[in-house]
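Residue-level listing of the chains:
2 protein chains.
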Amino acid sequence: MSAPGIKRQLYAQFAKVAKTLASAPRLEILELLAQRERSVEDLVAAIGLPVANVSQHLQHLRGSGLTANRREGKYIRYRLADPAVVTLIGSLQELAERNHVETARTINRYFKKRDSLEPVSRAELLRRKKAGAVFVIDVRPLDEFSEGHIPGAVHLPLAELERHLSELPRDQEIVAYCRGPYCVMAFEAVARLRARGFQARRLQDGFPEWKLARLPVAVPA
Amino acid sequence: MSAPGIKRQLYAQFAKVAKTLASAPRLEILELLAQRERSVEDLVAAIGLPVANVSQHLQHLRGSGLTANRREGKYIRYRLADPAVVTLIGSLQELAERNHVETARTINRYFKKRDSLEPVSRAELLRRKKAGAVFVIDVRPLDEFSEGHIPGAVHLPLAELERHLSELPRDQEIVAYCRGPYCVMAFEAVARLRARGFQARRLQDGFPEWKLARLPVAVPA
DNA sequence: TTATCATTCAACGCTTTTGTTGAATGTATG
DNA sequence: CATACATTCAACAAAAGCGTTGAATGATAA
Chain A
48 MSAPGIKRQL
58 YAQFAKVAKT
68 LASAPRLEIL
78 ELLAQRERSV
88 EDLVAAIGLP
98 VANVSQHLQH
108 LRGSGLTANR
118 REGKYIRYRL
128 ADPAVVTLIG
138 SLQELAERNH
148 VETARTINRY
158 FKKRDSLEPV
168 SRAELLRRKK
178 AGAVFVIDVR
188 PLDEFSEGHI
198 PGAVHLPLAE
208 LERHLSELPR
218 DQEIVAYCRG
228 PYCVMAFEAV
238 ARLRARGFQA
248 RRLQDGFPEW
258 KLARLPVAVP
268 A
Chain B
48 MSAPGIKRQL
58 YAQFAKVAKT
68 LASAPRLEIL
78 ELLAQRERSV
88 EDLVAAIGLP
98 VANVSQHLQH
108 LRGSGLTANR
118 REGKYIRYRL
128 ADPAVVTLIG
138 SLQELAERNH
148 VETARTINRY
158 FKKRDSLEPV
168 SRAELLRRKK
178 AGAVFVIDVR
188 PLDEFSEGHI
198 PGAVHLPLAE
208 LERHLSELPR
218 DQEIVAYCRG
228 PYCVMAFEAV
238 ARLRARGFQA
248 RRLQDGFPEW
258 KLARLPVAVP
268 A
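These protein sequences, in sequence, are chains A and B. The first sequence begins at 48 in our numbering and counts up one residue at a time. The second sequence begins at 48 in our numbering and counts up one residue at a time.
Treat the hints with care, as some may be off.
Derived lysine-lysine pairs resembling DSS-like cross-links, with alpha carbons at most 30 angstroms apart [stated by the list, open to error]:
id, chain 1, residue 1, chain 2, residue 2
1, B, Lys66, A, Lys63
2, A, Lys54, B, Lys66
3, A, Lys159, A, Lys177
4, A, Lys63, B, Lys258
5, B, Lys177, A, Lys63
6, A, Lys258, B, Lys258
7, B, Lys177, A, Lys66
8, B, Lys54, B, Lys66
9, A, Lys176, A, Lys160
10, B, Lys63, B, Lys258
11, A, Lys54, B, Lys159
12, A, Lys63, B, Lys176
13, A, Lys54, B, Lys258
14, A, Lys177, A, Lys258
15, A, Lys63, A, Lys176
16, A, Lys54, B, Lys177
17, B, Lys159, B, Lys63
18, A, Lys63, B, Lys63
19, A, Lys258, A, Lys66
20, A, Lys159, B, Lys176
21, B, Lys66, A, Lys160
22, B, Lys63, A, Lys160
23, B, Lys160, B, Lys258
24, B, Lys177, B, Lys159
25, A, Lys258, B, Lys63
26, A, Lys258, A, Lys160
27, A, Lys160, B, Lys159
28, A, Lys159, B, Lys177
29, A, Lys66, B, Lys176
30, A, Lys54, B, Lys54
31, B, Lys159, B, Lys176
32, A, Lys176, A, Lys159
33, A, Lys66, B, Lys160
34, A, Lys66, B, Lys159
35, A, Lys159, B, Lys54
36, B, Lys160, A, Lys258
37, B, Lys54, A, Lys258
38, B, Lys54, A, Lys66
39, A, Lys63, B, Lys159
40, B, Lys66, A, Lys159
Hint data in this document are derived by calculation from the structure and do not stem from the laboratory. A quick note: this is a predicted structure, and the numbers were derived from the prediction, not measured.
All chains should be built: construct the whole structure from the sequences, respecting the hints.
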């Protein structure tokens, strides 16, 4: 009375969910949604694809249960349906970096070049924050920072970095973070700061991972 | 000097790795490899697809770095390249069960029906093993059991269950496990045992997850 | 109501993926 | 050296997925 077909069916469904992650634009959308809820418009502005296409991807994501949405006036706001999505994508990226040759090469060529130092782990950052021996900057866009950030972090997006150099400490290490472990902005910020003679390092993960680990989060009123 | 293309490139590569998981046969192959190393022949016998097709899937898996292989005489033996593959697939399945409507329905219809009791967690099984209040059976095929199993577990595959009922305790709970959290065999075993009046439950995960958690493992010489 | 605007739908070519078939490779065995 | 056998390669048709285009929904605001 056992059903061998049930196994196939279940695996086909798992595969369907995996297929949702198998698209670069969808991964980008998920990363953006990990920062905060967004309307279709917002997402279009952020990733620069035609509206219909983004909408189509959002349908796919919703169909797999990775996102949820709610209507708010004219807008429909999308969000991650489950914080575990961040975990899943994290595992995927970690595995890709360690085992997929091309991914490893890309990361070595581009990222490691700009940031040869070991990144700071969450635990280490916590310790050093308590000791007061660190200056944390959040390089994401303002709207994402406003939705929540590491307590004590100063908002300083890439575009404004040069203008505020005088406000940064030269006797303390600066730690930069952004959307996730492979978000380009933090790498770029660290590279520019080092070029200017600052001591700067990157936080290993981004804000979503920090939040997921249930570490303290500051949300401005 | 920042490269916006690098982000796209990296995400495309992550997507490529995800695409590897986006196929039912490949997920099956990975589950089989999580139990032990296998030749192409072995895999063909286990999943019942044409040789060339299985080989093709294996090329794909290898290309993404999820598997590795070595030649041994006429055979080429494949294995998981990284234990983290088990973690990744686990996250995927968990997310699918919680959020993907069809997956949840399948699981409720088929699996929950056969096993309405809460499964036993790894931690709970460990505690109860120490207290001696549990009888553990491994319902996987012999070759997988031989490659490693939970210490003290008795090998009792589905096909031989009925023949050995007299050797099972009626005053102790029986815990069955197999390849993973959604492996059909453990569900089936528990259902049959309950029908016969035994107290039986399922271990929440399978052997690969047990091993990954660095819990004690028995490997016969 | 009508106009406006965010979002979705439907249909179309285009590319990629999938499984199949039959031949090729490469290693062991007689 | 020839045969047997495990595995891979190459080529093909069928199916699925992707991005584009233009029209349709559905809610707000005048």
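Hint numbers the structure violates, sorted upward? Hint check: 5, 7, 12, 15, 16, 17, 20, 27, 28, 29, 30 and 36 fail, others pass.
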